[in-house]
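Trainee: Chain residues, written in single-letter form:
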Amino acid sequence: MKRSGLVVLIVLILSIKGHAQGRGGAQGGRPPTPKAGAPFDMTGYWVSIVTEDWRWRMFPNKGDYGGIPLNPEGRRTADAWDPAKDEAAGEQCKSYGAPSIMRVPGRLQITWQDDQTLKIETDAGRQIRLFRFAAEGSKGGDLQGLSRAEWELNGPGLGFAIAGGGVRGGGSLKVTTTNVRPGYLRRNGVPYSANAKMTEYFDLVKETNGDTYLVLTSTVEDPTYLAQPWITAVHFKKQADASGWNPTACVVR
Amino acid sequence: MRTITFSIVLVALFAFSITFFGQVSTPSPGIGIPLGPLVSGTDFSGSYRWLNHQDAGLFTAAGDIADWGGIPLNDAARLYALSWPASRQTVKQQQCMGYVPPYTWMSPGNHRIWEERDPATQRLVAIHYWGQIAQVDRTIYMDGRPHPPAYAPHTFPGFSTGKFEENILTITTTHIKRGWIRANGVPQSDAATVTEHLIRHGDVVTVFSVVNDPVYLSEPMSKTSIVVRQAIAPDAWLYACDDSEQILGRKNDYVPSHLFGQNPFAREYAEKNKLSLLGAFGGRETIYPEFLGAVKDTAAAEAAAKAKMLPSGPQQNSRAPDPTPNDGNIHVFHVTGSVYLLAGDGANIAVQVGAQGAIVVDTGAGKLSEKVIPEIAKLSTKPIQFIVNTSFHSDHVGGNKKLQAVGADPSLTGSFFSNQFADAGQGATILGQQNVQTRMQEQKPPMEAPPSDTYLEDRRRKYHNEEAVEIFPMPNAITDGDSVVHFRRSDVIVTGDIFTTTQYPFIDLKNGGSLQGEIRALNFILDRTVYRNDEDGGTLIIPGHGRVTNEWEVAEYRDMLVIIRDRVQAMLKNGASLEQVKAARPTADFDPRFGATTGPWTTDAFIEAVYVSLKNPPRSAN
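The listed protein sequences correspond, in order, to chains H and P. According to this note's numbering, the first sequence is numbered sequentially starting from 1. According to this note's numbering, the second sequence is numbered sequentially starting from 254.
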């Protein structure tokens, strides 16, 4: 009797956890694809609202690297930046790579390229970022590098729980980007190296007036040029349509 | 053992049933005492510091003049900011100004967040926040309680309620004082409401905020800030502020400001950073990517920037909601101590209660006296003993007759006066400055129930309901018969229309009012007030119209009048006519908060009152 009671208890608790997994949970079959299991819909057109780092995003000047925890080598490299040299070398897009593109004022179009790949296109610099949920795919090495994506669903935590087990639904998109070609964190020659690793979290926020925002928190680690991780956030406002979508070429200055 | 096993099974079944039905029901507010959510969602407890990896140099109390790019401020806010010199902070009441959300998150000191849980149920009652800089003490109620009524006081942290939306803590804050969007002159008005979404990833918390300010923003301002959780709690949590700095010899009607178009530092930031002045001046267009294209024509951008240094366009009406309830009912609000506010019948009515009969300051318009009387009766079992009129204006004395009739002044019954007046003590005694009586009797027909107990220059004082009560005549302010009343133990000052939160002061030139007297009266009030902490709390103020405040709003009102006075005075020195002064819009930066283009007291009428006061100063101004 004692054993059978414990078995009942375990079964029931497991059933609680099972019920609690919420959206995206498999109904006895294969787990859903990242697209089907997305806790929120990021697709559509988004415009960057430039209320953070306005000066550095709108009018970056050489040597103005305030806020970025550069090490001495990073400062030396930033101070030596020669925009004319970039232009002559056809390197206009060095400040449009993954670690910087999301802070460039512009618009995004987000779509699912397939069930395993979320695609972000930017009108500024006409860049494409691919967030790959599957292991296979690009090896990186270009400006946008290799971006691995995963949904971080809100779990029940490790503690004992009742009433839904603390499961709150929702979650975040976590993207880890490596294998980038060296470029600039800002459009003023502040460098990042091929060793840079960027971790991004995308969260969706809805205001009561219907406005929807995508909040992006990112951490750039670069032992070559940064003394510590550079942690920033930007946000985008959802648009009803493609208004304002204006693909433009990369510019150096 | 069988019993134990059975109990375990029951517990498990209970847990299952909870899951099956989705959640434990939480009583909604209004049904019972709100209990708050059973589970808290993300735990934000801990010590944090603001991370300056973005917006470097723009922490609280920092930022260059005219570094406003990326702020969707409107024209009035820009003019306000261009008029603001950093030396404004030397004004006594500005020295310890608090910080408002969401700006608080950008303070460079330590931040602490902790939960408050009901010890019996472990339900989340509130989340608390302490900010070291300006010692911000903020409570975010999680138990579903409603926000206070519109006529309740504002504070710098405001009144916050929160809820978990999946993994995000969403905080809604109202009742915020006028503060800073950025402490380089960009104001956030007291009509602003703020939503903050706290998103935690490991030790990094992103605060995504949206400020809706109908007065000073042309569209909601959304923004992120980042705070980082600290592994070891720091020990620096205080930042004492005392407004004891003095500039010897400075008069109390001096408020530093730049005249419109004459801020010598307006271009400094843009030139230093080689960026467009139009951009540095901010505005909704600067927050969108298109702005980069808008400044390619540098000559046009420069011309547009220059135009923004002066008022333009039509006069603006106040966009701040009127906190006065206008639903035909009387609303009672406990201000503090023994003093209550009754709102809803014209001017505010203040009531002091205790073991003796009530003292009523002003009786409203008189349209709802039948509702006022029973509300006072609920507060005091004794009849109204004294009525004080702060002015003779009809919205302050309209209920005199009815309220007097239900009152009684037992201090007169059986006294010397009983021999002289058969009705001595029958009905409340009405007090007022002599000119209130005179003006009421001068009206055609004469107004009913004027003060019978009057005074001239000196204060009247009473010790009533175990409280010292002082009544001070304020010469030539709104009229020549104004008074303010100070309930000293409760520490509440009732100002009449000398101070309102709803409009420019109704300076009644025909009946002896003047700008000089008005500013002097506001300074008199400020000489009697004490704040509790960083310009919050302490002495509370019941204005003639609008919401309850403390000294901060009175000081802001005084500062506004001094600034407008100085602008008009400068124009007068150059021989400007009244029409030229009006056309120059010397109130442009304050109009979205206090202005009116229609109604009984328009901005033009106020400017005229300022102009005439300065051109023909009252004798009392000398």
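Do not rely on the hints blindly, as some may be mistaken.
[As the list claims (entries may be wrong)] The calculated lysine to aspartate or glutamate pairs, modelled on EDC-like cross-linking and capped at a C-alpha distance of 16 angstroms, are:
no.	chain 1	residue 1	chain 2	residue 2
1	P	K525	H	D64
2	H	K197	H	D142
3	P	K345	P	D496
4	H	K62	H	D86
5	H	K206	P	E419
6	P	K697	P	D676
7	P	K527	H	D64
8	H	K206	P	E418
9	H	K62	P	E472
10	H	K237	P	E524
11	H	K237	P	E472
[To be verified] Just a sample of chain P residues kept apart from chain H, beta carbon distances all over 12 angstroms, derived:
no.	residue
12	E369
13	N420
14	S664
15	Q696
[Unchecked claim] Anything over 12 angstroms on all C-beta distances counts as not near chain P; from chain H, calculated:
no.	residue
16	R57
17	G90
18	D114
19	I128
Note that these hints are calculated values from the structure, not bench results. Owing to the predicted nature of the structure, the values given are computational and were not obtained by experimental measurement. Ideal Cβ placement from N, Cα and C applies to all residues, glycine included.
Trainee: All the hints need checking, so say for each whether the structure fits it.
Mentor: Okay, the hints, checked on the actual structure:
Distance restraint check for K525 of chain P and D64 of chain H: the Cα-Cα separation of roughly 11 angstroms lies within the 16 angstroms cut-off, and the hinted pair is therefore satisfied. Using a Cα cut-off of 16 angstroms, the hinted pair K197 of chain H and D142 of chain H holds, with the two alpha carbons roughly 14 angstroms apart. For the hint pairing K345 of chain P with D496 of chain P, the CA-to-CA distance comes to about 6 angstroms; that is within 16 angstroms, so the pair holds. Of the supplied pair hints, the one linking K62 of chain H and D86 of chain H holds, its CA atoms being roughly 14 angstroms apart against a limit of 16 angstroms.
Among the hinted pairs, K206 of chain H with E419 of chain P is consistent with the structure: their alpha-carbon atoms are about 12 angstroms apart, no more than 16 angstroms. Note on K697 of chain P and D676 of chain P: the hinted pairing is violated, with a Cα-Cα distance of about 26 angstroms set against a maximum of 16 angstroms. For the hint linking K527 of chain P to D64 of chain H, the alpha-carbon distance of about 11 angstroms falls within 16 angstroms, and the restraint holds. A hinted pair counts as satisfied when its Cα atoms are at most 16 angstroms apart, and K206 of chain H with E418 of chain P qualifies at roughly 10 angstroms.
Note on K62 of chain H and E472 of chain P: the hinted pairing is violated, with a Cα-Cα distance of about 32 angstroms set against a maximum of 16 angstroms. Restraint check for K237 of chain H and E524 of chain P: the C-alpha separation of about 31 angstroms exceeds 16 angstroms, so the hint is violated. Straight-line distance between C-alpha atoms of K237 of chain H and E472 of chain P comes to about 13 angstroms, which keeps the hinted pair within the 16 angstroms bound. No beta-carbon of chain H is positioned within 12 angstroms of the beta-carbon of E369 of chain P; the least distance is around 19 angstroms.
The beta carbon of N420 of chain P sits about 5 angstroms from the closest Cβ of chain H, which is not more than 12 angstroms, so the claim that it is off the interface is violated. Even its closest Cβ contact with chain H, about 55 angstroms, leaves S664 of chain P beyond 12 angstroms, as expected for a residue assigned away from the interface. Its beta-carbon lying about 49 angstroms from the closest one in chain H, Q696 of chain P satisfies the requirement of being farther than 12 angstroms from that chain. Look at R57 of chain H: its CB is around 8 angstroms from the nearest CB on chain P, not clear of 12 angstroms, so calling it non-interface is violated.
With a minimum CB-CB distance of about 22 angstroms to chain P, G90 of chain H clears the 12 angstroms threshold, and the non-interface call stands. Listed as a non-interface residue, D114 of chain H keeps its Cβ farther than 12 angstroms from every Cβ of chain P; the least gap is roughly 27 angstroms. With a least CB separation of 18 angstroms from chain P, I128 of chain H remains clear of the 12 angstroms interface cut-off, as annotated.
When each numbered hint is compared with the structure, violations occur for hints 6, 9, 10, 13, 16.
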